[in-house]
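Chemist: Sequence:
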Amino acid sequence: MQQPWLYDLNEDPTEQANLVEIRPDKLAELAALLDRQEGELGPPGWPSIVEAVIPVDRTLADPPVPGEAYVYWPN
Numbered sequence: 086m087q088q089p090w091l092y093d094l095n096e097d098p099t100e101q102a103n104l105v106e107i108r109p110d111k112l113a114e115l116a117a118l119l120d121r122q123e124g125e126l127g128p129p130g131w132p133s134i135v136e137a138v139i140p141v142d143r144t145l146a147d148p149p150v151p152g153e154a155y156v157y158w159p160n
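97 is the number that our numbering gives to position 12 of the sequence shown; each next residue is one higher, with no gaps.
By construction, these hints were calculated from the structure, which means they are not laboratory data. It cannot be assumed that every hint is accurate.
If you anchor each label on the Cβ, the simulated ranges turn out as follows [said to hold, decoys possible]:
{"id": "1", "residue 1": "94", "residue 2": "147", "range": "25 to 31 Å"}
{"id": "2", "residue 1": "88", "residue 2": "132", "range": "25 to 31 Å"}
{"id": "3", "residue 1": "134", "residue 2": "107", "range": "22 to 28 Å"}
{"id": "4", "residue 1": "93", "residue 2": "127", "range": "28 to 34 Å"}
{"id": "5", "residue 1": "116", "residue 2": "140", "range": "22 to 28 Å"}
{"id": "6", "residue 1": "135", "residue 2": "99", "range": "26 to 32 Å"}
{"id": "7", "residue 1": "110", "residue 2": "130", "range": "32 to 38 Å"}
{"id": "8", "residue 1": "106", "residue 2": "146", "range": "17 to 23 Å"}
{"id": "9", "residue 1": "92", "residue 2": "132", "range": "19 to 25 Å"}
{"id": "10", "residue 1": "147", "residue 2": "105", "range": "35 to 41 Å"}
For every residue, glycine included, the Cβ atom is placed at its ideal position computed from N, Cα and C.
Based on the provided sequences and hints, a complete structural model is requested.
Modeler: What follows is the structure, encoded as C-alpha cells:
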C-alpha cells in the first residue's frame, strides 16, 4: 500500500497532522518535482545489498501488520 504523507515541519515537527487531504496542490507539486528528479538520474552504480519493508509505527522486532504504513528501503 503506497500512502502519501505531507507535513509542514516548521509548524508540525513531530509529523502529527498529515496535510495530504487539505493540500493536494502541494502534494502534486512535490510529486512532480520527485518524478522529474528521478527522470534525470541514471541507473544505480551497484545493486542494493538489502531491500526491506520498514514499518513506520513499529520497531523492526515487531511483526508486520497488513494495512499498516511502511516505507520501502533499499540501501
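Chemist: Each of the hints needs a verdict: does it hold here or not?
Modeler: Structure-based check of all given hints:
1. 94 <-> 147: 25 to 31 Å: For residue 94 and residue 147 the Cβ distance comes to about 26 Å; the hint holds.
2. 88 <-> 132: 25 to 31 Å: holds, 27 Å
3. 134 <-> 107: 22 to 28 Å: Hint violated: Cβ distance 39 Å, outside 22 to 28 Å.
4. 93 <-> 127: 28 to 34 Å: holds, 33 Å
5. 116 <-> 140: 22 to 28 Å: For residue 116 and residue 140 the Cβ distance comes to about 23 Å; the hint holds.
6. 135 <-> 99: 26 to 32 Å: holds, 28 Å
7. 110 <-> 130: 32 to 38 Å: holds, 35 Å
8. 106 <-> 146: 17 to 23 Å: For residue 106 and residue 146 the Cβ distance comes to about 32 Å; the hint is violated.
9. 92 <-> 132: 19 to 25 Å: violated, 32 Å
10. 147 <-> 105: 35 to 41 Å: violated, 25 Å
When each numbered hint is compared with the structure, violations occur for hints 3, 8, 9, 10.
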